[in-house]
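**Q** Protein sequence lines, in the order shown, are assigned to chains P and R.
Here the first sequence stands for residues 1046 to 1439, where the numbers follow our numbering.
Here the second sequence stands for residues 8 to 271, where the numbers follow our numbering.
Just to be clear, a hint being listed does not mean it is correct.
Said to hold, decoys possible - Facing chain R, a subset of chain P residues (Cβ under 8 Å, in silico):
no., residue
1, 1130
2, 1141
3, 1228
Please keep in mind that the hints were generated in silico from the structure rather than gathered at the bench.
Remember, predicted model here, so these are calculated numbers, not experimental data.
For glycine and all other residues, C-beta sits at the position ideal for the given N, C-alpha and C.
Spelled out from the first residue to the last, the chains are:
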Amino acid sequence: MKIILEARDVSYHYPGDREAIKGISFHVKKGEKVALVGPNGAGKSTLLQMFNGMIRPGKGTILFDTEPIRYDASSLRQLRKRVGYVMQNADRQIIAPTVYQDVAFGPANLGYDENAIREAVALALRQVGMAGFERRPPHHLSGGEKKKVAIAGVLAMDPDILVFDEPTSGLDPSGSEELMELLDELNHEGKTIFISTHDVELAYPWADRVILLLDGKILEENVPAVAFGDPELVLKAHLSVPILLELSQELGRRGFAQPEQKPRSVLDMIHVIENLLHGTCCHATPGAIHVYNMDTGDIASVLALIRDRPDLCVGAMGTRAKMCAAKESISLSFTYGVIDKCILRSLRGQDSLILTTNAMVGRVGTRVDAYCTESGTIIRVIPVATGGGTGSPA
Amino acid sequence: MFETLLDDAAQNNAFRHIHPGTKILLGLGSLCICLVSPTPVVPVLSGLILSIVLLLPARIPARIYGELLLAPVVFSVFSIVVLLFMLGGGDVVWEFSPVSWIHLTITTNAVHQSVLILSRVFGCMVSLFFIALTTPLTDLFNMMKRCRVPVELIDLMMIMYRYIFIFYDQAKEIWQAQVMRLGYQRPKESIHSFSMLCGMLFISSWIVGEDLVRAMDCRCYNGIMPSLDPMEPVRMQSFIPVVLYLSGLGGIMVAILTGIVVFS
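From just these sequences and the hints, can you work out the full model?
**A** Now the structure itself:
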């Protein structure tokens, strides 16, 4: 895959201060999800601000799209259009007095005409699930909503890579999970995503690759299971081992066989444990997962299905599906980690329904397929309203 | 909490989706008529009708509206008392002389003038409240832009409006932190606490200002604060009643002036 962002031996020190970044090299490939993890004061924010030229490294170079960053005004504007930076504090990022004006800020300054601005704003707000909030002033929004507006403001410029400084700070747990889902969704639409965080539990299941940063130096750069797997390293970086990883390590220390792939979710862990116990791992007849694609199906059949089957648990994947559920007042049991939670239900012999969109519908099949091949069970994925409810085994 | 109350009302009233031009026309139109009216009947009538409109169809909570009215009422009552004694002309209605060299008199002309001023204050205040309570500031910015107010001025106002609330929250937080640790307990200490609050606010505003520049740079700032919000068209079902109302009000004034209708 193509390298989109690269740092070559980058150093920086604040005027009159100690060195914040001490000779760092790494690269980010197109379409990757990378988490920069480190304790407070490790230099995460400083490093992130180099990506869009807010901070110029003292030594070394940053390359974007294999070209070294140039620091004249017009090159910087081009760079900042393509590298979207979302600040930690959404209140500081939202400049304008209404949501519409704030999201329009980037496109307007890039010289789009009125219609293009309107389109960009509408699209960005739809992507983050904030359509209909255009005229609201920011001080009438909740923390999570502000964060989404801040993200929309960056998305409106249609960047190639999105850089988030502590994306979940100040959000409640379900807000954080939903935000991480949103990042996944954006990643699926082709954006490269780079986040900084010190929340290992969040970074562990989400990231493709983790960079551990300590005192301005890279401590480790690897897949999450390895980067977070070394207790010594984790201790040194003032972090903690993710609970699932710790559990799996502890099982290993007690002589239980370890799977090749470290468990990254509760579903993985259940699979591991059930395998350890008796080889087979599920209810005699696993439940089915109904999938409804909002872009092709009609909502009446879903409402009928929900009415007929009160035992069905409903989950929504993607911001548009969630908005649709809210509009139709469908009560949702799952709003994040939906596929895994539905598979878990299936294994208990219960049925569930996933509301989703064109872009994400494929993921349900892929994930369920992957699980079924790995575990040797058969979970049926049934599309709603497209084939009249005929089931096909996955 | 007063400024947030006003803003809440402006954002959430039932007239929120009427074109701001229509609302401003109603507010400013009745303001002008109240100002030029030589008789107290017209402003009082206008004030009453607009109050009813604000409370019923626009669904402004009565408590907020009452509290809002209270402030100018207190102020104008005090002023009227002074005016009653200051203005002259006509017959003496009441005389008061507590000491030999002070003569306080109220004359008929003074009473007429004071009543007129009081009614104008009432009419004009309600007209202004009508705009303030039904039209969010952001809509006013749009209208200013259409009226060719210099863009730099509007941009500044927009940023100020955005940051008032952040500034206010910050002040509240600092104040709470001080009170929790027993600030403002003695008069001398209060002055000290307050000066600390001001100092802290200055520093944090400075930091917020630097962040603002950075946030704008991050998003390719090139001198443009966007753009008009999408706005509803002027709708006849709201515009025509406004025109009718204003012409009715003007008509009553002219009728009274020319002596067709006589109030005494």
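**Q** For each hint, tell me whether it holds in the structure or not.
**A** Cross-check of the supplied hints:
1. 1130: holds, 5 Å
2. 1141: With Cβ-Cβ at 6 Å, under 8 Å, it holds.
3. 1228: violated, 18 Å
Hint violations for this structure: number 3 only, all remaining hints satisfied.
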